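Student: If you count the sequence shown from 1, you need to add 201 to reach the numbering used here.
Since the hints were derived computationally from the structure, they do not count as laboratory data. Here the structure is a predicted model, which is why all the values come from computation and not from measurement. Hints may contain errors.
Unchecked claim - Below, a list of computed lysine to aspartate or glutamate pairs in the EDC-like style, where the Cα atoms sit at most 16 angstroms apart:
hint, residue 1, residue 2
1, K436, E450
2, K279, D255
3, K241, D255
4, K294, E450
5, K458, E433
6, K294, D322
7, K436, D405
8, K241, D268
9, K279, E450
10, K279, D322
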Amino acid sequence: MKVFLVAAALLIVGFDTTAYASHSWGNYHWARTANPFTLKLGDNVSPAWDAHLDAASIDWSNSLILDTVIAQGATNPKNCRAVNGRVEVCSNKYGNNGWLGIASIWINGSHITQGTVKLNDTYFNTAKYNTPAWRQLVTCQEIGHTIGLDHQDEIFANTNLGTCMDYTNAPAGGVVSGFDYGLSNESPNAHDYEQLTTVYTHLDSLTTLLSRTFSSGAAKATDAIDTSNSAEWGKAIRTSSDGRNSLYERNVSNGHKIFTFVIWAN
202 MKVFLVAAAL LIVGFDTTAY ASHSWGNYHW ARTANPFTLK LGDNVSPAWD
252 AHLDAASIDW SNSLILDTVI AQGATNPKNC RAVNGRVEVC SNKYGNNGWL
302 GIASIWINGS HITQGTVKLN DTYFNTAKYN TPAWRQLVTC QEIGHTIGLD
352 HQDEIFANTN LGTCMDYTNA PAGGVVSGFD YGLSNESPNA HDYEQLTTVY
402 THLDSLTTLL SRTFSSGAAK ATDAIDTSNS AEWGKAIRTS SDGRNSLYER
452 NVSNGHKIFT FVIWAN
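Let the sequences and hints guide you as you build the complete structure.
Tutor: Encoded structure:
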């Protein structure tokens, strides 16, 4: 049951020093012919992640326009290949490559056609990150990217906004190293739901939520790209407040692109 009331959002384009007033990811969205729509999240995670994937799915389904459902995984977690019409969520030891999690979306024009979330157990098996709060924030944020949301804030050492779409050094909130981070950043907040309503207000004449085989050579080429390998992310197009690249764009051809968001380990 949808329980959140949506208020009017201030549509101010650009980056504010504290938060995104409008934090859609460009104009990228899943094409669909009706609201609310259902998005499948393929479960390719280990048991340590199951509760966090379930919680994130429930949280994002509190949106007025979106329901996410957990489906049987359709890929090998190590490769985590994308599947048309859905998001594959994977966990594996992806190596000491610096990133906690990445979210990638495949784009045709302005429409999302498929997505992946990769959760790096190389870091989540360490004491610092093997906590419920860190696991929940990263799971929630990466799924948020695959439905068209950007970050609300990209500063780590300020007060939490109470949303998983906010960078932080303390996902559980509270006082850490003498600084009060405030709210937990483990779930979406009201502004995330408002933004989704704005992004998905219009309807499309087609849907990208169905599994299908594309004849386009460009579309096929994107399936062979391994987003676990940073060399295949393309060009860095954004840097976060810690000076590291946080968003990459790879042009394939004929309007096909891949965008990859990165959460780096500290």
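Student: Against this structure, judge whether each hint is valid.
Tutor: The hints, checked one at a time:
For the given pair, K436 sits about 5 angstroms from E450 by alpha-carbon distance, which is consistent with the 16 angstroms threshold. A threshold of 16 angstroms between alpha carbons decides the hint, and for K279 with D255 the separation of about 21 angstroms lies outside it, so the pair is violated. Taking the CA atoms of K241 and D255, the gap is about 12 angstroms. The hint holds against a cut of 16 angstroms. A distance of roughly 24 angstroms separates the Cα atoms of K294 and E450; the hinted pair therefore is violated under the 16 angstroms criterion.
For the hint linking K458 to E433, the alpha-carbon distance of about 12 angstroms falls within 16 angstroms, and the restraint holds. Between K294 and D322 the alpha-carbon distance is near 5 angstroms, which keeps this suggested pair within the 16 angstroms criterion. Taking the CA atoms of K436 and D405, the gap is near 30 angstroms; set against the 16 angstroms cutoff, the hint is violated. Our distance criterion of 16 angstroms between C-alpha atoms is met by K241 and D268, whose separation comes to about 9 angstroms.
Distance check on the hinted pair: K279 and E450 sit about 22 angstroms apart at the alpha-carbon level, beyond 16 angstroms; violated. About 11 angstroms separates the Cα atoms of K279 and D322, which keeps this hinted pair within 16 angstroms; it holds.
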